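Using the sequences plus the hints, can you model the full thing?
Number of protein chains: 2
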Amino acid sequence: MTAYTATVTVRLKHGVLDPEADQTRKALERLGFDLDGLRSADRFDIDLDADDARSARERADEMAERLLANPTIHDYDVDVVEAE
Amino acid sequence: MTAYTATVTVRLKHGVLDPEADQTRKALERLGFDLDGLRSADRFDIDLDADDARSARERADEMAERLLANPTIHDYDVDVVEAE
Numbered sequence: 001m002t003a004y005t006a007t008v009t010v011r012l013k014h015g016v017l018d019p020e021a022d023q024t025r026k027a028l029e030r031l032g033f034d035l036d037g038l039r040s041a042d043r044f045d046i047d048l049d050a051d052d053a054r055s056a057r058e059r060a061d062e063m064a065e066r067l068l069a070n071p072t073i074h075d076y077d078v079d080v081v082e083a084e
Numbered sequence: 001m002t003a004y005t006a007t008v009t010v011r012l013k014h015g016v017l018d019p020e021a022d023q024t025r026k027a028l029e030r031l032g033f034d035l036d037g038l039r040s041a042d043r044f045d046i047d048l049d050a051d052d053a054r055s056a057r058e059r060a061d062e063m064a065e066r067l068l069a070n071p072t073i074h075d076y077d078v079d080v081v082e083a084e
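These protein sequence lines map, in sequence, to chains A and B. Note that full-length UniProt numbering gives residue 31 to position 31 of the first sequence, counting from 1, and the numbers run on in steps of one. Note that full-length UniProt numbering gives residue 24 to position 24 of the second sequence, counting from 1, and the numbers run on in steps of one.
Hints were generated in silico from the structure; no laboratory data involved. In this text the structure is predicted, and so the values were computed from the model without any measurement. Positions of the beta carbon are idealized from the N, C-alpha and C atoms, including for glycine. One should not assume that every hint holds.
[Unchecked claim] Taking lysine-lysine pairs in the DSBU-like style, the calculated list, with each CA pair at most 35 Å apart, reads: (1) A:Lys13 to B:Lys26; (2) B:Lys13 to B:Lys26; (3) A:Lys13 to A:Lys26; (4) A:Lys13 to B:Lys13; (5) A:Lys26 to B:Lys13.
[Stated by the list, open to error] Simulated restraints, written as ranges between beta carbons of each label pair: (6) A:Leu35 to B:Glu29: 35 to 41 Å; (7) A:Gly37 to B:Asp18: 25 to 31 Å; (8) B:Ala83 to A:Arg30: 21 to 27 Å; (9) A:Glu84 to B:Glu84: 28 to 34 Å; (10) B:Pro71 to A:Arg30: 15 to 21 Å; (11) B:Pro19 to A:Glu65: 20 to 26 Å; (12) A:Arg54 to B:Leu67: 18 to 24 Å; (13) B:Glu84 to A:Ala3: 31 to 37 Å.
Structure, rendered in structure tokens:
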């Protein structure tokens with residue numbers, strides 16, 4: 001077994017309103033920053049032991065599908081690296 | 001001017017309690033997943049025009065320091081790429 005860290009990034013699907021990101025953008029603009037867009041996402045770094053990177057990725061995928069992401073409104077991606 | 005996307009990742013500093021991440025971990029364990037740790041972070045993808053990548057990074061750094069991160073409890077990092 002090898003120790004891996006799987007990073008799951010959960011974003012709202014294109015077209016789903018994100019009022020929190022809109023407010024953050026407006027607050028930055030009020031502070032004088034000039035920006036063309038802002039999108040927010042939740043990131044989870046998960047430490048897990050697995051036989052190989054592929055099996056670590058499969059488990060992280062399943063965690064995203066069962067709990068971390070809501071498939072109606074979210075897309076997610078998974079990135080796996082060996083833990084340092 | 002070139003279009004860049006700056007990704008600001010905001011994490012709780014080591015030692016700061018994260019009850020939401022603890023609950024997420026426990027929920028995954030209740031679903032039968034075996035994991036050694038879970039850390040959560042907020043990620044902001046910011047589109048901005050700048051003369052070069054260095055100036056884009058400086059502006060994203062300043063956004064993190066003034067609004068996106070709370071220096072008492074957060075660390076952050078900034079990653080800049082040319083927008084596609």
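Results for each hint:
no. : hint                           : verdict
1   : A:Lys13 to B:Lys26             : 26 Å, holds
2   : B:Lys13 to B:Lys26             : 21 Å, holds
3   : A:Lys13 to A:Lys26             : 21 Å, holds
4   : A:Lys13 to B:Lys13             : 29 Å, holds
5   : A:Lys26 to B:Lys13             : 26 Å, holds
6   : A:Leu35 to B:Glu29: 35 to 41 Å : 39 Å, holds
7   : A:Gly37 to B:Asp18: 25 to 31 Å : 28 Å, holds
8   : B:Ala83 to A:Arg30: 21 to 27 Å : 24 Å, holds
9   : A:Glu84 to B:Glu84: 28 to 34 Å : 30 Å, holds
10  : B:Pro71 to A:Arg30: 15 to 21 Å : 20 Å, holds
11  : B:Pro19 to A:Glu65: 20 to 26 Å : 24 Å, holds
12  : A:Arg54 to B:Leu67: 18 to 24 Å : 39 Å, violated
13  : B:Glu84 to A:Ala3: 31 to 37 Å  : 33 Å, holds
Checked against the numbered hints listed earlier, the structure breaks hint 12 alone; every other hint is satisfied.
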